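Asker: Given next are the chains, with one letter for each unit.
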Amino acid sequence: MASEAVAHESEHHAPPPQVDADVVARELIATTTGASGRFKVWTWGLGIVAIVGVVALILKFIDEGDDSTKWGYVAAMVSFLLSVAGGAPMVAMAPVMAKANWVRPVTRIASLFSFAGIATLIMLIPLVAILPPLVTEGARRRTIWYLAPDYSPHFWTTLGLVLLLITGVALFYSAALPDFASMRDHSTGWRQRLGKRLARGWVGTDVQWRTLRMRIGMFGTFYFLILVFVNFLISTDFGQSMVPGWRDAIFPMYHTVSGFQAGVAGVVIALYFSRKYMKLEKYVHLDAFWSLGRLLFALTLLWVYFFYSSFIVFWYGRSANDIATLDLLIRGEMMYVFIAGVVLIWFVPWWILIWNKVRRGTGAMVVGSFIILIGLLLDRIRTFVPAWSVPGDQIHEKWLKVIPEAYWPSVFDILIIAGGISMVAVIVMLMTRVIPVLSVWQVQEFNLLAKPIKYIRGHATLVAKPD
Amino acid sequence: MTTAEFGSHNWGMVVDVDKCIGCNACVIACQAENNIPINTQDRVERARSISWIRVERYWEGDFPDAKARFIPIMCQHCENAPCEPVCPVYATYHNSEGNNVQVYNRCVGTRYCANACPYIVRFFNYWEPVWPESLRNHLNPDVTVRSRGIMEKCSFCVHRIRRGSRQARSEGHEVVDGAIQTACSTACPTSALNFGNFNDPNSKVSKMKEDQRHYTLLDQFATDPNVIYLAKIDADKKVGAGEAATHG
Amino acid sequence: MQQRRQLDQVYTNRKLLNGQLDTPKWWLPTVSVLGVLVLIGVAVISVMINKGLGVTGLARPVYWGLFITTFVFWVGISHAGIMISAILRLTQAEWRRPVTRAAELLTVFSLLTALVFPLIHAGRPWRIAYWIMPYDISRGIYPNIRSPLIMDPVAISTYLTGSTLFLYIALLPDLGNLRDRTTGWKNALYTVLALGWRGNPRQWKMQTVGGILLSALMLPIFVSVHSIVSWDFAIASAVEGWHSTIFAPYFVIGAVHSGVSAVVTMMALMRWLWKWDDFIRPEHFDALARLLIVVATGWLGFTFLELTFALYGQDAPEIALREMQMFQWPWNMLFIIFFLTAYAIPVPMWLFKRVRTNIALMFWTSILVNVGMWLERFLIIVPGLARRTPFVYTWEAYRPSPVEWTIFIWSFCWVTFLMLLFSRFFPLVPLFEAKESQVFTDDVMIGRAKVPAIVREAD
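Chains as they are written, first to last, in my numbering: chain A, 1 to 467; chain B, 468 to 715; chain C, 716 to 1174.
With the rest of the complex left out, here is chain A (with noise of 0.2 Å):
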C-alpha cells in the first residue's frame, strides 16, 4: 500500500488531467461491454450465494416461522441492508447540496445502490409476518404508535421500503438521462436500443437542463426523506420497541448516521474496484478518494459520539430500565459482539483514516472501509439479535425482568447473511454492465468546472461554483 501512496504522490499535486469531451463519452461507455473473465465467474460465484440465501430465507420461515426469537439475525440483515444500499445513494445527493465538485463522478456508482434495496426489501418479507402484535394479552407494548390501528408498524415500514426503491431508482434514472442518450449516439447491440428507449429524445436543451436539475434536487430531498423516515421505522419497530424497556430516543439518529457510513464504506469499495477493474484510473482522481475519506472519517466520529451519547446516559441513569437495557444490548452475551463491532467501526477505522497519506491513496482506503462493514454488521448484530431475542410473553412489560439467552446463529442464519450480502454485490456488478459506472455528463461537468491553474510557486484549482 505504501509503495502505492507514494507512486501516486506526484498525481495528486499534479493538475487533474483534461479529457476532450468525447473521449470521456466513447471510454466510458465502452466499460459497459467487454468484462472480463474474472469478472463473470464472480458475479456466477455471488449470484449462486445469493439465490442459496433466498432458499435458506424461505425454508427458515418454513421452519421457524412461529418463534419470533429466532429471527434476530435476519433483522439484522434488514437493517444492515437498509444501511449500505440505503445510506450509499445520499453520497450522489452532495452535489446538490454542498456543490462539491469532487463528487461528481462518484454520484453514479453510488446511485447504482439504490437498485440493491430489492435485496432489503426481499429479507423483509417474513420478517413483516413474524413482528409481533402491538397488543400482547390486552396490554399495548412501548411503541410510536401510540393509538394507530395494529398494523401500522408493520404496514409503514413495507412501504417506506418500496417507496424508498421507487424514489432511489426514479433519483438514479434523472440523474441517467444524458448518459442514456450517450449509449443511443455511442452504444451498439441491445445497450443502444435501451438507451434509446431510457433517452425520450433528450438532446441537451436548456430546457431539459433545467428539469434535469430540478429532477435531481427533487428526488434527492425525497429520497433522504424517506431515508430518514425507513430508518426511524426499522429502527424503532424492528428494533427497540421489541425490548421493553429500551427508551433511546438517539437510536434512530444513530441507525441513520452508521447508515450514511456504511453507505460512504460501500461506495469506496465500489469506486476502488471500478476504478482499478476497469482502468478508470483518468476520471476518478484521487482527489474523490481524499474526499471519501474524509467524510468517512467525519462519520466515523460521528457514530462513536452518538453511541456515547445514548451509552452515557444508560449508564448514569441507573433506573430499571437503564440496567436491564445495558444488562441485554451490551453487557450481556453479547458482549464481545458488541465490543469488537466498536473496535471495528470506530477504534480501527480512526487509526487507518487519521493518516492523510492514507486518504491520498486507495488500498488503506478500501481495507478501512471493508473494516466498517463488518464492524457494522456486527453493532446490528448484538443490537437486533438480542432485541428479538425477548419472548413475546414479556414484550409489553414496562422493563425486562429476566435477560433471555443470547441467540447464536443456525446454518440458516449464516446463509442468509451471505446470500444478502452477495446480493447487493450482485446487483451493483450487473448494473455496471448496463449503464456507465461514471456518469458520463459529470465527468465531462467535472473537467468543465475545475481548471488547474499556477498560483505564485506551486499549482492550485480553480473551481468554479455555479449558483
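In short, the hints are calculated from the structure, not lab data. Be careful, since some hints might not be right.
The calculated BS3-like cross-link candidates involving lysine-lysine, where the alpha carbons are at most 27 Å apart (straight line), are [what the hints assert, rightly or not]:
(1) A/Lys465 to A/Lys454
(2) A/Lys398 to A/Lys279
(3) A/Lys451 to C/Lys1165
(4) A/Lys40 to A/Lys282
(5) A/Lys451 to C/Lys730
(6) A/Lys282 to A/Lys99
(7) A/Lys99 to C/Lys1165
(8) A/Lys279 to A/Lys40
(9) A/Lys454 to C/Lys1165
(10) A/Lys99 to C/Lys1150
(11) A/Lys99 to A/Lys357
(12) C/Lys901 to C/Lys730
(13) C/Lys1150 to A/Lys451
(14) C/Lys1165 to A/Lys465
(15) A/Lys465 to C/Lys1150
(16) A/Lys465 to C/Lys901
(17) A/Lys99 to C/Lys1068
(18) C/Lys740 to C/Lys730
(19) C/Lys901 to C/Lys766
(20) C/Lys1150 to C/Lys990
(21) A/Lys357 to A/Lys454
(22) B/Lys486 to B/Lys671
(23) C/Lys1150 to A/Lys454
(24) C/Lys920 to C/Lys1068
(25) A/Lys357 to C/Lys920
(26) A/Lys454 to C/Lys920
(27) A/Lys279 to A/Lys401
(28) A/Lys451 to A/Lys99
Please read these numbers as outputs of a predicted model, since none were measured by experiment.
Given the coordinates of chain A, work out where chains B and C should sit on it, guided by the hints.
Answerer: Leaving out everything else, chains B and C in the frame of chain A:
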C-alpha cells in the same frame, strides 16, 4: 432488598404503613431533634419549607366511603442513590454503615442532588435560619445548625447512631438491637417506624422486612432503598395504600 | 452571482481599522450607558450573594431556574465561533472569512458570561470557586469527577482557553498592522501584543498551521462542551423530561442554531454601525442563512425525536409533564412562542433569496431564533423540574424574581459592553482574511457564462 454489604451495621428502617395513623408525631420529633428551622406560613406558601420526614395523606374512594391513607416519607438512604454521583464536591456520599450522609461543611449548594432525588426529600436553605429568642436555648447541641446556601435531609439521626455505637464500644459489647433509635421511631405511638440494623439477621427490622407485605418506593428507579415499607392491610382490597403510592 | 468588486488594500486597511484609528462618535456614549447598566447588575449580584438565594423565585421542586437557563443559553451562543471558524475552515468555505473574528469573539465573551451563572446560582459561591477546582487537596478529598458539574467547568475552561488562543492567533497579523499605524502608548501595547509579527513567509505558515491545528483540536471540545452541559440534565433519571439519550446532539445542534443566528445579528450590527458594506455583503448573509436552514431543520428533527420518545414509553408522569409543557398556561403560550420563533417564522422566510439577502430581515429573524432558543432551554429545564410525579407535593412554585430578571438582562449588557470595548482596540473584521478573500475568489468564463470560482490550493 438491600444488596450492598457493609461492616457490622447497615442501618435501615421498616415502615409498617398498616400501623401509621397519620398523627405527625414523627414530624414534630424530627423538627425538635434536628434543629430544623421553623416552617413559617410564608415559607410553606412559597414551597420552601423543610421537613426531613413528612406524612403524606391520600384519599381513597369517594365521599362518604372515603378512606384516608397515610405514608411517612423520609430520605430512603438508597444504596444506588441518584443524588450521590451528581454532587461535584462529595458533600453527599454513602458511608460505611449504609447511610446516605450529607456533609454540611462541604456542601456548596448546587442543588443538583435535590433535582436528582425522585422522593423529594432534600431541602435547601434559602435564608440564614432564625429562631425566636425564646427558642434559642432549645437547640440540640449534638446537631449542626445549617447555614444558608446548603442542602439538608434526614440523617437517620446520625448523632444518635454515633453516640450509641460509642457507648456500646466503651462498654465493650456490640450495639444491642433496639438500643439506637431515631427521633421519629421513638416518637411513633404505634411503632409504625422501626429502626435497626439490617446486617444483623436477628434484629427486629431484619425479621420485619421478610414480611410478604414488604415493598420499596419507586422501584422503577432501581434505587435500592434502605427504607422498607410494609403494605396496608385492607379487608376489602388486595393491594394496600402503598401500592397505590408506588405507581402514582 | 456574487456582488463583488475589487477593493484595494489601502482602502481595506483604512475602512476596517476605523474603529481603532478614528473612533465613531456614538462609541463613547453607548459604552458609558452600558457600563452603568453593567455596574447595576454587578451590584444586584452582590446583594444576592450577601443575602442568599432567598431573593430568587426558586422553590421546591424547581431548584434550577432562570440562571441555569441563561447559562445554557450563553454556552449555546458560544458555539458560533468554532462552528464558523473551525468547521468552515476545515470544509474550506470561502464565505466564512469576514465573519470569523466576530464569531470567535462571541465565543470568548459568551463563555466568560456563561461561567458566571453556575457560580452565582450556587448556595455558597465563595466556596465553589476553590472546591470545584482541585486546589485544596490537603483534605484528601478530590472533586467528584463523576459529577457533570465537575466535567462542566473542565470542558468550558478548556474551550475558553482554546478559543482565546484561536482568537489571538488570528489577531496577530492585524496587531502587526495596528502597531505600524499607531504612536505612543498604543504603539507600545500593540508592539507587545504582536509578538514580533513581521509577515514573513515563515510566520504566515506558522500562523496558518496553528489555526488549522487548533481547528482540529477544538472540534472535539466544541462538541463535548454542550454535550456535557446536556448531561447535567440527561443523567437525572428521576426527572422525566430530562432523561433522554438524544440530549447531547440535540443540545449541540441547537447551540449551533442559536450561535450562528447570533453571528448574523452581530454582522448586521457591524455592517450598520461601522458602515462596512464592502466587506460584510449580502452574499455572506445568504450563505449563513443557507447554513441555518440546514442546521435548523436538523434541530427540528431532533426536537421531533425528543418528543416522540418522551411519549414512547406511555408512562403517566411523562405524559403529564408533556401536557403541562405544551397545553397548560403559561407554558403553552411559551411553547407556541418558542416554536414560532425558533423555527416556524424564520426558516420559511429564509427559503427566499430576497429575505436571505435583506440585511434588516436577517437581523430580526436571527433575533427571533435566539428568543426561541432561550425559551427552548427554559421549557426543558423548568417544566421538567416542576413535574407531577409521585411524592412531589408542590407544583409550579417557580416565578422568576426581579433579581433574576435583572441579572439576566445584565448578561446581555455585559457581552455587548465587552464587545464594544474590544472593538475600540482591535479590528472586528480580520484584515488579512478580507484581503485573502480578494485573492482567492475569481470569475471564470465557462462557455458564454461568467461563473464565480474559488482557488483551491493543492492539499
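Asker: A separate judgement is required for each hint: does it hold in the structure or not?
Answerer: Status of each hint after checking the structure:
The hinted pair formed by A/Lys465 and A/Lys454 meets the criterion: a straight-line CA distance of about 19 Å does not exceed 27 Å. Under the criterion of a C-alpha separation no larger than 27 Å, the hint pairing A/Lys398 with A/Lys279 is inconsistent with the structure, at around 58 Å. Pair hint A/Lys451 plus C/Lys1165 holds up; C-alpha atoms about 14 Å apart against a cutoff of 27 Å. The hinted pair formed by A/Lys40 and A/Lys282 meets the criterion: a straight-line CA distance of about 24 Å does not exceed 27 Å.
Using a Cα cut-off of 27 Å, the hinted pair A/Lys451 and C/Lys730 is violated, with the two alpha carbons roughly 34 Å apart. The straight-line distance between the Cα atoms of A/Lys282 and A/Lys99 is roughly 22 Å, inside the 27 Å bound, and the hint therefore holds. Restraint check for A/Lys99 and C/Lys1165: satisfied, since their Cα atoms lie roughly 17 Å apart, inside the 27 Å limit. Our distance criterion of 27 Å between C-alpha atoms is met by A/Lys279 and A/Lys40, whose separation comes to about 17 Å.
For the proposed pair A/Lys454 and C/Lys1165, the alpha carbon gap of about 21 Å is at most 27 Å, so the pair holds. Restraint check: the Cα-Cα separation between A/Lys99 and C/Lys1150 comes to about 24 Å, which is no more than 27 Å; the hinted pair holds. A C-alpha spacing of about 26 Å is found between A/Lys99 and A/Lys357, which places the hinted pair at or below 27 Å, so the restraint holds. A distance of roughly 19 Å separates the Cα atoms of C/Lys901 and C/Lys730; the hinted pair therefore holds under the 27 Å criterion.
Under the criterion of a C-alpha separation no larger than 27 Å, the hint pairing C/Lys1150 with A/Lys451 is consistent with the structure, at around 23 Å. Proposed proximity of C/Lys1165 and A/Lys465 is supported: the alpha carbons are some 10 Å apart, at most 27 Å. A C-alpha spacing of about 20 Å is found between A/Lys465 and C/Lys1150, which places the hinted pair at or below 27 Å, so the restraint holds. The suggested pairing of A/Lys465 with C/Lys901 is violated, with an alpha-carbon distance near 43 Å, which exceeds 27 Å.
The straight-line distance between the Cα atoms of A/Lys99 and C/Lys1068 is roughly 17 Å, inside the 27 Å bound, and the hint therefore holds. For the hint pairing C/Lys740 with C/Lys730, the CA-to-CA distance comes to about 16 Å; that is within 27 Å, so the pair holds. Taking the CA atoms of C/Lys901 and C/Lys766, the gap is near 43 Å; set against the 27 Å cutoff, the hint is violated. A hinted pair counts as satisfied when its Cα atoms are at most 27 Å apart, and C/Lys1150 with C/Lys990 qualifies at roughly 18 Å.
Of the supplied pair hints, the one linking A/Lys357 and A/Lys454 holds, its CA atoms being roughly 24 Å apart against a limit of 27 Å. Between B/Lys486 and B/Lys671, the direct Cα distance comes to roughly 16 Å. Compliance with the 27 Å bound is thereby established for this hinted pair. At roughly 20 Å between alpha-carbon atoms, C/Lys1150 and A/Lys454 fall within 27 Å of each other, so this suggested pair holds. Proposed proximity of C/Lys920 and C/Lys1068 is contradicted: the alpha carbons are some 38 Å apart, above 27 Å.
Annotation: proposed proximity of A/Lys357 to C/Lys920 holds, straight-line Cα distance about 21 Å (limit 27 Å). For the hint pairing A/Lys454 with C/Lys920, the CA-to-CA distance comes to about 20 Å; that is within 27 Å, so the pair holds. For the proposed pair A/Lys279 and A/Lys401, the alpha carbon gap of about 58 Å is over 27 Å, so the pair is violated. Straight-line distance between C-alpha atoms of A/Lys451 and A/Lys99 comes to about 16 Å, which keeps the hinted pair within the 27 Å bound.
Going down the numbered hints, you'll see the structure goes against 2, 5, 16, 19, 24, 27, while the others check out.
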